Amino acid sequence: MAEPSVNMHSPQSPRLEMRRITKHFGATVALSQVDFSVAAGEVHALVGENGAGKSTLMKVLSGAHQPDEGTMYLDGQSFVPRSPLDARHEQVAMIYQELSLAPHLSVEENILLGMEPTNKWGLVRWEEVRARTLETLAQFGHAEIEPQRRAGDLPVSARQLVEIARALAVGCRVLILDEPTSSLSREDIERLFEIIKKLKEQGLSIIYISHFLEEVQRIADRVTVLLDGTVVKTCDISTVTPGEIVQMMVGRTVEELYPRSTRTPGETALMIENLGGNKMPESASLTLYRGEVLGIFGLVGAGRTELLRAIFGIDPVRQGQIRIGTITGPASPKARWRQGVGMLSEDRQEEGLALDLSLAENITLSRLKGLGPLGLVLPQHQQRATQRWVEGLDIHCLTSVQKVVELSGGNQQKVALARLLQHDVDVLLLDEPTRGIDVAAKAKIYQVIDELASGTGTTGRKPKAVLMISSYLPELLGVCDRVAVMHRGRLCEARPVKDLDEHQLMLAATGESGVA
Amino acid sequence: MNITELFKKLAPASHNNATTVKRLGWLNRFGPLLALLLVYGFFALLNARIVTFMALETIIQQSVIVGVAALGMTMVIISAGIDLSAGSIIAMSSVVVALLIQSLGLSPILAVLGCLLVAAMLGFINGMLITRLRMVPFIVTLGMMLAVRGFAKGLARGMPVNVEPTWLNELLATLPPDQKWLLIPPGGWLMLFLAVIIAGFLRYTPLGRHIYAVGSNEQTARLCGVDVERVKQFVYAAAGAFAGLAGIMLTSYQEQGDPTGAVGMELDIIAAVVIGGGSLSGGEGSILGSLVGAIIMTVIRTGSQLNGWPTWVTQVVTGVVIIIAVVVDRLRHRHLA
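Just so you know, the protein sequences line up as chains A and B, in that order.
In terms of the working numbering, the first sequence has 136 at position 136, counting the first letter as 1, and numbering is strictly consecutive.
In terms of the working numbering, the second sequence has 177 at position 177, counting the first letter as 1, and numbering is strictly consecutive.
With the rest of the complex left out, here is chain A (with noise of 0.2 angstroms):
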């Protein structure tokens, strides 16, 4: 992959190159001699499944991690960055997914914070900062936003122009954008892509990371691929089509990610009509039987999350009906879990695991109730139920009285999903099940999802229903039988998978036709 492919946008030597990169954490490779480099006036995607090594990669890059082994080279000169500051000042700027304004200050302030302009006093000069972010601004076409407005009061899109301006500001040669649409809509996906097309004009250098390989497709010249710590390929993005990359980036087919065993819906196990929450959702209505599973897709804050909530009983109730089996009415938690349903965290750091605690103490936390005589919880037990699910789910770990936190994220993930197994509920609530795991961890909750919804595997006999929020699409393709599809706290009515592709949800999602 060292030498370039056939490639019109690098006529010189790249702007940036990072040789034969390795770095160790621990006993685990987080990256094995990865080869990349950008020219300038390119974009260039980096694609590959969560734990492939991107991140890890731009850590590098950005000063935030060393490299055991391996150089790098900023327009022909050696570059080794001992912190995120040192790569600032060679002019290599990173955008992070988590948006990372102080939120109390204007964005003015936050534009040229820790480099204020300042008089001999040694006061700053704020007609000088005011002059310069407005400048800024106006370079990208974004006069609109105010210098003196606080950026915690911008919305999201706005929040990441004023990243971006910031990285201008300072001047760059390698802008780096980790997920930049994520949370984006797509009118101001539109607005971001003019800008990098812009950027990319004045002669930077963009280093472009995403899950939605349509988008890298449109905006991307090459792409590479990582899987497991090391470069798959390395092409121009016009040589390969979407299907591949998806193949090059999980390393197995689409089908063996992917199993499916007959599932025949039975019973209904879940009804809701009209549902509705504080502010979220507005109003909802599904049905989920056993033995299917069920997928919602939506952008985030559409509202799928405060649904999942609503149902078992964490977010109050304004309006509608709860039905779970025979049972009508909203809940607690605690009566969620006696009803046999279960929910599994979006965010399995803050509120999905205890993560102090060991592994035992997380997944028979649900229900201590039969793990010893006369009520009580003897640890034995609760190491003996968990060592069942430390084999069944595949869980790397020590033992099971080791702290969750010592665990790798899917390893965590699978603790998580453990509990709900363990409590044997028969409606699952999935949120994000996969969020930010690695493929291998993924190939297994999604066996584990189908052996739930089928009745057959180490799950139980009886097939479970299964609701499960995503914004991986296709994950949901792949896993789900039905998927609606929730815009703006509206939740649309159910379609089988086989009657939907990717765009019409996408579509949907963004309100821009109704799948329904």
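If you're looking for bench data, these hints aren't it; they were derived computationally from the structure.
As the structure is a computational prediction, the values presented were derived from the model and not from experiment.
Glycine is no exception: its CB is placed at the ideal position from the N, C-alpha and C atoms.
What you were told as hints is all true, and nothing was included just to trick you.
With the C-beta cut set under 8 angstroms, the calculated list includes, among others, these residues of chain B facing chain A:
hint	residue
1	Y204
2	Y212
3	L223
4	G225
Start from chain A and add chain B according to the hints.
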């Protein structure tokens, strides 16, 4: 060799195999005990008198009040809370039990029960304010600290309440020669008995496990169907009751109800829990550790006195020990994470 390196030596490469995890678990559980032996050994080298039975008896005698209150405080701290009103509740109970016996003429056993009820109610009010009004425990219990102290003084009219001696006074009295076989005063045995009960409760009952879960991650606990409010309510009420028992011990020890006693003792109690491995961010703490923490502080005090050190030295040493305990705790966590 700096302390980080030392620690790495003590706990090598924790990720490699299961036995190191076990070894670290052992270190976690018995770390405070090890510290106690170190401190005790240190004073023993300086002055052998600290290893006599009489010194041991004194050490336990003087650890009981903080130790008993620490049983409740440990639960509060495990649940990621704090109870600053403990010292005031101790004083209040000390006054209440004295008044019940002296003014109302109740039998000691009824007085004790009544006093425990009052103390538990005060803790319950803490819990109500924290769970119903969603106020921060620090502020609620800070307010209660002042209010309860005021009430205690008002009740006692600002004067100590003298009590005629009853069997209650023998709880913490120095053992008479014919009862030396008891080794430590009955109050000490009561503390150890309660400690075993509470340790078992925390480890083996659903409510006990829920206290850890709430402290480790409240949201997770709620997601898992734990009634978080009820758990907190319980924890503060229990902390009140244990502070009440400590107050009874105080009356027993001083032979009077003391409205101005135990000022600032909540900090000693919190320190005992922290020395014993409790984390103020919740999810961690052990009964054994907290008792050992209480005893360590008494050993320092007693040892200093035996050596004729001035009080200020004792305070400096105690402060340093608390800080070391927290530093070691941080290092341990950094290493495990």
